[in-house]
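Peer 1: Same order as they appear, the protein sequences are chains A and R.
Each residue of the first sequence is one higher than the one before, counting from 1 in my numbering.
Each residue of the second sequence is one higher than the one before, counting from 1001 in my numbering.
Take these hints with a grain of salt, some might be off.
[Said to hold, decoys possible] These stretches of chain A come out as covered by chain R in the derived footprint (C-beta under 8 Å, 3 or more residues): (1) 10 to 16; (2) 176 to 183.
[Stated by the list, open to error] Pair by pair, the computed Cβ-Cβ distance ranges are: (3) A65/A - L1082/R: 30 to 38 Å; (4) G64/A - G1057/R: 42 to 50 Å; (5) A1089/R - D9/A: 51 to 59 Å; (6) V1268/R - D85/A: 53 to 61 Å; (7) T211/A - L1082/R: 41 to 49 Å.
If you're looking for bench data, these hints aren't it; they were derived computationally from the structure.
We treat Cβ as the ideally placed atom computed from N, Cα and C, and that holds for glycine.
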Amino acid sequence: MPALLEVNDLYAGYGETTVLHGISFAVAAGGVTTLLGANGAGKTTTLRALSGMVRTQGEIVFAGARIAGRASEEIARAGIGHVPDGRGTFLELSVEENLRLGAISRRDPGIKDDIARMFGYFPRLAERLRQQAGTLSGGEQQMLAIARALLLRPKLLLLDEPSFGLAPLLVAEVFEILGQISRAERMSILLVEQNANLALGLADHAYLLETGRIVMSGLAASMRENEAIRRSYLGY
Amino acid sequence: MQALLHQIFSGIATGGIYASVALALVMIYQATHHVNFAQGEMATFSTYIALTLINYGLSYWLAFLITLVVSFIIGLIIERVLMRPMASAPVLSSVGVFIGLLLIFNSVTGWLFSYTVKAFPSPFPEAMPALGGWVSPHEAGATAVTLIVLLLVYGFFRFTRLGLAMRAAAYNPVSARLVGIRVGWMLALGWGLAAAIGAIAGMMIAPIVFLDPNMMAGILLYAFAGALLGGIDNPLGAVIGGFAVGVIENIAGAYLVGAELKLTLALVIILGVLVLKPAGLLGRAVVSRV
């Protein structure tokens, strides 16, 4: 499978601090790839680097184009949807406005149908349409964030800890829907997740990040069997 | 009674002007969290452009329209050229730039158009018996123009894609970028719109107070009081606050403090709001977790 995203020797950080120390990885077209790692390993920073939200050095090739150093909004327009850390809800705006914002860079007539399709995945959003988004629960905001990113019709969806702060039942529901989406929308997903069990269940490919370096990679199934990963990240 | 009604109506008329300037202030405040102190002088400059065009022989409304376009472009350019490099500068640097802008606009206006006080024409008829003498035709017309502008601005932000994108960029620039909104341009557009709204306020107030380079100095203070009273982060609040300050100013000027202390009253309102209810009547009190 050709790679949709290729990252070569990527450095990134905030101010004086370097968080990523030359990582290289790839995301296949049409698959789910996951980045595993403990707190502070650099998972969120990796996604921010891909979206042009932090200072970077190194090569990022997306769909054949070098996107390192481009502005966030241009990277989004090139086809990378990002469900950020903290969900990035437009708290003051209504749920409907949040959804319309997801498709704001599009000019095609299919937006209404796409929003309706999101209600198929997340019926609760349809019930809350006129409500101010800041009043949604954490789980509902997570659904809203995913729907908003999907409405961009991205080729690649970056997901930053979709399970964060959600009740276990809701986590299962969100991951079930993510599985459906990745199959139905033929879209690549790069998933960052602390819950390695969940992530390896959804992904075909996995990378393990430790203090800003990639220390292991492979098929998700074989990573699951790996003794070290099992003990450190899966907990059995 | 007749006199009181007259005071209230003319208070509403000047309040409309304050409301426009307050709205311009709030638009830039929402996007940048800075108060543009130069908003008034920019409006004065625009009013001189209109006067020049009218003296050149253009009809009032054509001059009005061209002035709006030119003011919009000036606002856009100021954001792109002057404010953009200040985007991540500390607050005091931005305040310095705003004060610099105020001084530059004030002296350039005086230098180009002279400091002598000039009359500015009103587009409305001299007398309109239908109004019953409570309010002059210009006051009624200016109020109508202000209300139309406010409605247009409201409609633009509420119902258009561009308006939605601008609101998103103001509320949450990081998320706005992630959905592909060109936040920098939204800011520039906000500056352009604010400059155009200020220009309308300038052209509407000039026939009442006469045109000179310092025309808007006091008005900006009233508008700021109005914006604070209504809530500096709330456009609707700013408009209501602007009208309220206009009425308060007129009634207090006539019955309480006299004309000399009217401007002091604006300062008292500013101080009172800051002490008693910093978020304003309709503003949100911002609570941040630590």
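Peer 1: Are the hints correct? Go through all of them and say.
Peer 2: The hints, checked one at a time:
no.	hint	result
1	10 to 16	violated (count 0)
2	176 to 183	violated (count 0)
3	A65/A - L1082/R: 30 to 38 Å	holds, 33 Å
4	G64/A - G1057/R: 42 to 50 Å	violated, 58 Å
5	A1089/R - D9/A: 51 to 59 Å	violated, 33 Å
6	V1268/R - D85/A: 53 to 61 Å	violated, 46 Å
7	T211/A - L1082/R: 41 to 49 Å	holds, 43 Å
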